[in-house]
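**Q** What follows is the residue order along each chain.
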Amino acid sequence: MSEDRRDSAMQGSPEPLPHAGSEIDDPQFTDKSYSQGQLVRRRFFRHKGAIAGLAVLIFITLLAFTSIGIGGISGWWDKDFTSTGTVLNGGKPTIGWFYLGEHPFGQDSTGRDYFARVMRGTQVSLIIAFVVGIASTMIGTVIGAVAGYFRGWAESLLMRVTDLFIIIPLLVFAAVLGRIAGDSGIFVFALVLAAVTWTGLARLVRGEVLSLREREFVSAARAIGTGNWRIILRHILPNTVGVIIVATTFAIASAILLETALSYLGFGVQPPDISLGSLISEYQTAFTSRPWLFWFPGVFILAIALSVNFIGDGLRDAFDPRQGKDG
Amino acid sequence: MTTVENSTPQPIDDGTVLSFSGLDVKFNTEFGKVHAVKGISLEVRPGEVLALVGESGSGKSVTSTSALGLLPRNATVNGAINVAGNSVDTMGDRALRKMRGDDVAMVFQEPMTALNPVLSVRTQMVEALELHGKAYGKAADARAIELLAMVGIPDPEKRLYQYPHEFSGGQRQRIVIAMALSCDPKVIIADEPTTALDVTVQAEILDLLRSLKDELNTGILLITHSMGVVADMADRVAVMYKGDIVEQGTAREVLTQPQHDYTKRLLDAVPRLGSRGETAPVVQGEGPKALEVNDLVVEYHRQGKEPFRAVDSVSLSVKRGEIVGLVGESGSGKSTIARCALGLIPAASGEVAILGEDITKMRRKPLKALRKRVGVVFQDPASSLNPRLPVGDCIAEPMDVHKIGTSKSRRDKVAELLDAVELPRDVANRYPHELSGGQRQRVSIARALSLDPELLVADEPTSALDVSVQASVLKMFTHLQEQYNFGCLFVSHDLAVIDMLADHVVVLKDGKVVEQGARHQVLADPQQEYTKRLLMAAPVPDPEEQRQRRLERYDFMKEIGEEDHGLHLDEAPDRKDLMGGSAGGEGQMPPGVSGGN
Chain A
1 MSEDRRDSAM QGSPEPLPHA GSEIDDPQFT DKSYSQGQLV RRRFFRHKGA IAGLAVLIFI
61 TLLAFTSIGI GGISGWWDKD FTSTGTVLNG GKPTIGWFYL GEHPFGQDST GRDYFARVMR
121 GTQVSLIIAF VVGIASTMIG TVIGAVAGYF RGWAESLLMR VTDLFIIIPL LVFAAVLGRI
181 AGDSGIFVFA LVLAAVTWTG LARLVRGEVL SLREREFVSA ARAIGTGNWR IILRHILPNT
241 VGVIIVATTF AIASAILLET ALSYLGFGVQ PPDISLGSLI SEYQTAFTSR PWLFWFPGVF
301 ILAIALSVNF IGDGLRDAFD PRQGKDG
Chain B
1 MTTVENSTPQ PIDDGTVLSF SGLDVKFNTE FGKVHAVKGI SLEVRPGEVL ALVGESGSGK
61 SVTSTSALGL LPRNATVNGA INVAGNSVDT MGDRALRKMR GDDVAMVFQE PMTALNPVLS
121 VRTQMVEALE LHGKAYGKAA DARAIELLAM VGIPDPEKRL YQYPHEFSGG QRQRIVIAMA
181 LSCDPKVIIA DEPTTALDVT VQAEILDLLR SLKDELNTGI LLITHSMGVV ADMADRVAVM
241 YKGDIVEQGT AREVLTQPQH DYTKRLLDAV PRLGSRGETA PVVQGEGPKA LEVNDLVVEY
301 HRQGKEPFRA VDSVSLSVKR GEIVGLVGES GSGKSTIARC ALGLIPAASG EVAILGEDIT
361 KMRRKPLKAL RKRVGVVFQD PASSLNPRLP VGDCIAEPMD VHKIGTSKSR RDKVAELLDA
421 VELPRDVANR YPHELSGGQR QRVSIARALS LDPELLVADE PTSALDVSVQ ASVLKMFTHL
481 QEQYNFGCLF VSHDLAVIDM LADHVVVLKD GKVVEQGARH QVLADPQQEY TKRLLMAAPV
541 PDPEEQRQRR LERYDFMKEI GEEDHGLHLD EAPDRKDLMG GSAGGEGQMP PGVSGGN
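Going line by line, the protein sequences match chains A and B. My numbering numbers the first residue of the first sequence as 1 and each following residue consecutively. My numbering numbers the first residue of the second sequence as 1 and each following residue consecutively.
Just chain A, with the same shape it has in the complex (with noise of 0.2 Å):
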């Protein structure tokens, strides 16, 4: 790669950017142009744990929607997770390291298959989260640009606002709000989940709108009469991407974490649908006579929270190489 390539990489890094020499010449090319989405794409392929995450991810999504099946198109997997059954075995777990057997994670008091109930907790909590991660980043972002690009009057109102939803202790909000809108479904209780965590983004964005809107292509494009709302989407915002990208990553491993809370208090999803965290709510007294119960869907939150914590470490650094290691 040559030289030139350099500056793209760190954008205002400390050293010196070798190109400028070449300026006297005649402005050429040699190698292949790069966006900066690609850059980006380069440097996160680089990030070992954050692949790993994403394959941990993909593992886990394709398991938990092809195994048992979603909607009314049927999975794989021969048992669903409402129907009770003999108990065979104490409900041990069956699975081996090279099978699975009848029932590979065990089965519930009432017989139910514990591996079908741990797969449907898996795409609710999975849902649920993406859904809040999605939903809570278009609200904050709307919110936060509109603060931090038109300032006065409508900064103070909306930042005030903000303060307000900061300073209620989210998971008595998110109770309330979730038990009363727990019987309408998952997604209305992924909804209001969302309308109590845009919090932090809305602040983020914000502070990055307030500091792009001080740069001199942003006065450029207002001196040539663009309007507000043009300079917000075509110049203001695409260069937030990489802020919000990640901060909606987080959001989402969050977004796991309260769901899971809510629904382990019990004013979260509502049976007889499930998620992981009613499931080990359900059987937590079980933890010492029966712990697969208990183990099973708490390695399930593990791994999500950990994967996406993963992913969002491997866009940050791609999207800031600043901040990484050197080199």
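Since the hints were derived computationally from the structure, they do not count as laboratory data. All values derive from a computational prediction rather than experimental measurement. Every residue gets a Cβ at the ideal spot worked out from N, C-alpha and C, and that includes glycine. You may find that some hints are simply not true.
Taking beta-carbon pairs under 8 Å as the criterion, some of the chain B residues facing chain A (in silico) [stated by the list, open to error]:
(1) V283
(2) F378
(3) P387
Please build the complex by placing chain B on the supplied structure of chain A, with the hints as guidance.
**A** Just chain B now, with coordinates in the frame of chain A:
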């Protein structure tokens, strides 16, 4: 002031205080190795100024940073670096820390960021003294006061307790120099010490540095891109290009008889005052002027304070096809006027008429229509293009906003504009970060011209560029102006650039017009004291001529009753004792050459 020739170095050890031999620096980056410095050899003797000249990216700062052992961890350094007879490469962390400050000190480009804004000047100066064991407690305070007096800070006993923001830019740089002097270093590395300063302040700081080497026998490695500064300061010059030293010699040799092609090009590119002679004034045909500013007042509101008047009843006008140069130092309000003329900040009173229509009271719709006829070029090529848009889209953006033409006709126009700014057409698909500073500025100019503007506002379009790049951009700019015949308000702090370009010059100071008139009148025969000072402070890239100018400037300053800006040794009588104690007899004081002129 003693002449440059007299300051022959006095040999200590091998006669050098700082030497590099075969210095080679590579950086490991994501895209492979970058060879920043390619085996160069340099030496600085006591009492000598070696100027390291080159454009951005030539490796000058890497060279100087390596002397302090401060390169980032991804650097691989080969070759020998000697500071005051000790080899830097073999030093451990502790020895390095002692060496920094004791033997070699650094003066940075931006004094505001080199000083910690939350600590008082006293804390920062005493810290340097105490860390190196030079003085403690009361003695350190006394020494700090003495150092401040030496570098010409008035009333040092009181000002010692103030914070960096309470000083002006020039004074801050003096404080940084005082801190650099605090441990009597044998060599000072000054990395673009005057680049961030106004030209009159630059002249003062250069006076101070010059008296440093003459009176304290300090060696100075001066890193700069300005040939004028080199001519003013340097005994010897080394020219760096792409990590290599292409030419080295005495200042007079290199500046008057350059051997290497690159040095020649660099010198040719330096804009010179008075190179254009008299030109005919621009006569405008019928119709309103491109820009007419009448009694303009711009105020910035401050919370709980009187509003700050940045521009105070300024009147000027730009005819069609005329370039008006707006000159002034930082804080003179020149950029504020430019931004106000673009309608980006409101006027407190007065009127700003673009093509005959007053924009101060205009509503949004007609303003947008009017903006179609105005182009703008900003200073910083790194921030004036949206990094997420390919260059072609950046240039087409104004046409897109005003919904002019089809996407095909826009593409054609972009190609035509790229030709006009002398960039290859396939640049349209590149992103701004792939372009160099000069190329980006060409793109900015292409964008400004995309709607065939009748008025172009250019806010310091070349001051962030290297001098050779500046020369080619200015040449192109003049050419485009003749071709498109727009009126132009050209803001700059550089008188030589204005001299090359403008038809009419407006000199600003503290938001007020000091002087205005035809270019050759104002610049060749200035009437106001301020304009004279500005012109005298601008250095020229010829050592002989520059010395003449310097002497003229000293005379002029005496005339207007300003003190000289060199070291004030007489105000610090204990200086020699302290110095003898710390330098261990090795650093012999030169006989006290009289300061100033």
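**Q** It remains to establish, for every hint, whether it holds in the given structure.
**A** Consistency of the hints with the structure:
1. V283: violated (29 Å)
2. F378: holds (4 Å)
3. P387: holds (6 Å)
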